[in-house]
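Here the protein sequences line up with chains A and B, keeping their order.
So for the first sequence, UniProt numbering puts the first residue at 1; every next one is plus one.
So for the second sequence, UniProt numbering puts the first residue at 1; every next one is plus one.
Because the hints were derived from the structure by calculation, they are not lab data.
Idealized CB from N, CA, C, for every residue including glycine.
Be aware that one or more of the hints could be misleading.
[Claimed, not checked] Selected chain A positions facing chain B (Cβ under 7 Å, derived; list incomplete):
| no. | residue |
| --- | --- |
| 1 | Phe3 |
| 2 | Ile6 |
| 3 | Lys9 |
| 4 | Ile10 |
| 5 | Ile67 |
| 6 | Asn69 |
| 7 | Gly142 |
| 8 | Ile145 |
| 9 | Thr312 |
| 10 | Gly314 |
| 11 | Ala315 |
[Claimed, not checked] Straight-line Cα separation of at most 30 Å, DSSO-like style, residue types lysine-lysine; simulated pairs:
| no. | chain 1 | residue 1 | chain 2 | residue 2 |
| --- | --- | --- | --- | --- |
| 12 | A | Lys8 | B | Lys123 |
| 13 | A | Lys236 | A | Lys138 |
| 14 | B | Lys123 | A | Lys9 |
| 15 | A | Lys326 | B | Lys138 |
| 16 | A | Lys326 | A | Lys86 |
| 17 | B | Lys70 | B | Lys194 |
| 18 | A | Lys74 | A | Lys238 |
| 19 | A | Lys236 | A | Lys265 |
| 20 | A | Lys74 | A | Lys253 |
| 21 | A | Lys65 | A | Lys86 |
| 22 | A | Lys390 | B | Lys123 |
| 23 | A | Lys86 | A | Lys66 |
| 24 | A | Lys265 | A | Lys65 |
| 25 | B | Lys138 | A | Lys9 |
| 26 | A | Lys8 | B | Lys70 |
| 27 | A | Lys86 | A | Lys238 |
| 28 | A | Lys74 | A | Lys326 |
| 29 | A | Lys326 | A | Lys9 |
Below are the chains, spelled out letter by letter.
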Amino acid sequence: MQFNEILKKIIHTGVGRGRFWMASIGLGIAMLLILVALQVHTNFNELLYGSRNQNERADYLVVNKKITNDMMGKPELTVFKPEELKDIAAQPFVEDFSIITAAQYNVRLEADQLGFSTLAFFESVPDSFIDVQSTDWKWQEGQQIVPIIVPRDFTNMFNFGFALGNNMPQFSEETIKTLSPGIVVSQGMRTGRFLGRIVGFSDRISTVLVPQSFMDWANNIYSTGAAKAPSRIIVKTKDPSSTVLTNYLEEHKYVTDEEKTKYSKIRGIVQIIVSAVGFFGLVLLMFALLVFSMFIQLVIESYRNEIRLLITLGASPGQLQRYLLKQFIPMYLVTGVVAFVAITGLQWWASGLLAKRNMFVSEWPGIMSLVATVAILALVYAVNWFAVRKHIAEHT
Amino acid sequence: MQIQLSAVVPVPLRERILQRQSDIWNRDVTFQPGQFIKIKAPSGTGKTTLVHYLYHIRYDYTGSISVDGKPWQDYNRDQLSAIRQRQVSVVFQDLRLFDQLSALENIELKRVMDPQPYYPQEKTLEFAERLGVTHVLKQSGATLSYGERQRIAIIRALMQPFEWLMMDEPFSHLDDANADKAARLIAEECHARKAGFILTDLDHDQRFDYTVSYLL
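The whole structure should be built from the sequences, with the hints applied where relevant.
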């Protein structure tokens, strides 16, 4: 007969077993909550940064300073100072950035076919920031035809707003591309005439773009002399929903297309929910630990006479501790394994669900979840060990 | 293992003890290894108290009790349990069996407390046979008569290695024939271990070849 078998007949850990079960269920739920929080966090990161979920291109944000009432009439306040540009370039979320060069000359568009002419403006950015692919997008000195990219919003405004309201015909993009409005570039007495050719429509940059080479040449020829500081920049970023980015913009009173950064809000909310779930899990874990400790105290208290006699007869405190822990530990292990299996199942299910929406996360729980499971079990073991030791010591 | 008493006086019995002569209380006494020691003690002189002091489960005394030159208080709990498993065994006057265990389990508990038992289980059966308690081995401790319980407690004490066996009125519930059987077994087991014992009782007796007798 083994010593522990005989002990089993003396110290029944069945006392308050109901409480022990409740605490175990509590422990299981706590572990599940903590693991879910960790897993959601891991998955979210994987969705945002994982190579499988990388969008085909990075996102581009056009950033400018917010014009407030105080700044009206003071255009020098809306430009970026060199040190501000340097600071932006140094931000971690900035993968690449460029100033948007504004024209330092007057522009007039004349569309003879349509019988209208209008004042206009040009801006330019380096080609790598442009979302329109066109072989015509080039200009060199002496070339009469200047390629132009207009925002798609312009054609939509014209077709669906202006044309319909004024009984004018709507134009397809193909038709618009065939137009060749005259361009008159002027500064004081100097004037240059060109032919415009709309080569594409941009969803990215809401301005009328000409090639950088044309802009540099024209600014050189037709400028008033002093170079104009940039008031708009374009930023290439991998993660427009980064809260770091939105916080930075907000802090410096910069504005950009909020549609592109709106996910940062969702992300903030998800982070808060995940933190709340994790926090709740931790609180529950603490309560479970408390109940375990009380359960152990109850068992040891109800058998204090037996424990005293065992110690008197020569049983070592260590022997009794090991026996008592052996009665509880398997339950914790089972709870831990069940929680981990549950999270594995959930993860597998979630990954299948997300895959249907072209979002890819691992089918397996992350290493963090495994580490957390082991850590929680170690914590539970340690707390139990201390409780058993403390309460046995009271009777020796 | 040498046990030294130095001016030991139980606090609760202080007045009474200081009024009368005692060979033990308030004296310096040394129990040498292997001695068979009889302590004769009239009622109320602190016989059970002494055994509890010697076994170190009561501490309300002045003076000191040293084991191998070290006061009992200097042994930690783990050392104490090691001593109680290997060096000192005990038969309490109130026997202290577990009611929820059978007689056999009560003995086994002590035998297997040490992961390397001193005796195989057959010894239990052999001793039970010699003391005439084989028929009660399966019975619960609660249903045994005092005499049976006393013999079970003696067998339990003999299941472990020891250098000292402390016995507090071990034959009080036994008739002479059974007491003699038990005494013979105890003497044999002590000789086999080269161990000594300290036995307290109310009267004189000739059951053992005592090395020394004290009056408490």
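Evaluation of the provided hints:
no.: 1; hint: Phe3; in the structure: holds, 5 Å
no.: 2; hint: Ile6; in the structure: holds, 5 Å
no.: 3; hint: Lys9; in the structure: holds, 6 Å
no.: 4; hint: Ile10; in the structure: holds, 6 Å
no.: 5; hint: Ile67; in the structure: violated, 79 Å
no.: 6; hint: Asn69; in the structure: violated, 80 Å
no.: 7; hint: Gly142; in the structure: violated, 99 Å
no.: 8; hint: Ile145; in the structure: violated, 97 Å
no.: 9; hint: Thr312; in the structure: holds, 6 Å
no.: 10; hint: Gly314; in the structure: holds, 3 Å
no.: 11; hint: Ala315; in the structure: holds, 6 Å
no.: 12; hint: A:Lys8 to B:Lys123; in the structure: holds, 24 Å
no.: 13; hint: A:Lys236 to A:Lys138; in the structure: holds, 22 Å
no.: 14; hint: B:Lys123 to A:Lys9; in the structure: holds, 23 Å
no.: 15; hint: A:Lys326 to B:Lys138; in the structure: holds, 27 Å
no.: 16; hint: A:Lys326 to A:Lys86; in the structure: violated, 63 Å
no.: 17; hint: B:Lys70 to B:Lys194; in the structure: holds, 22 Å
no.: 18; hint: A:Lys74 to A:Lys238; in the structure: violated, 34 Å
no.: 19; hint: A:Lys236 to A:Lys265; in the structure: holds, 20 Å
no.: 20; hint: A:Lys74 to A:Lys253; in the structure: holds, 16 Å
no.: 21; hint: A:Lys65 to A:Lys86; in the structure: holds, 15 Å
no.: 22; hint: A:Lys390 to B:Lys123; in the structure: violated, 37 Å
no.: 23; hint: A:Lys86 to A:Lys66; in the structure: holds, 19 Å
no.: 24; hint: A:Lys265 to A:Lys65; in the structure: holds, 21 Å
no.: 25; hint: B:Lys138 to A:Lys9; in the structure: holds, 14 Å
no.: 26; hint: A:Lys8 to B:Lys70; in the structure: violated, 36 Å
no.: 27; hint: A:Lys86 to A:Lys238; in the structure: holds, 19 Å
no.: 28; hint: A:Lys74 to A:Lys326; in the structure: violated, 78 Å
no.: 29; hint: A:Lys326 to A:Lys9; in the structure: holds, 15 Å
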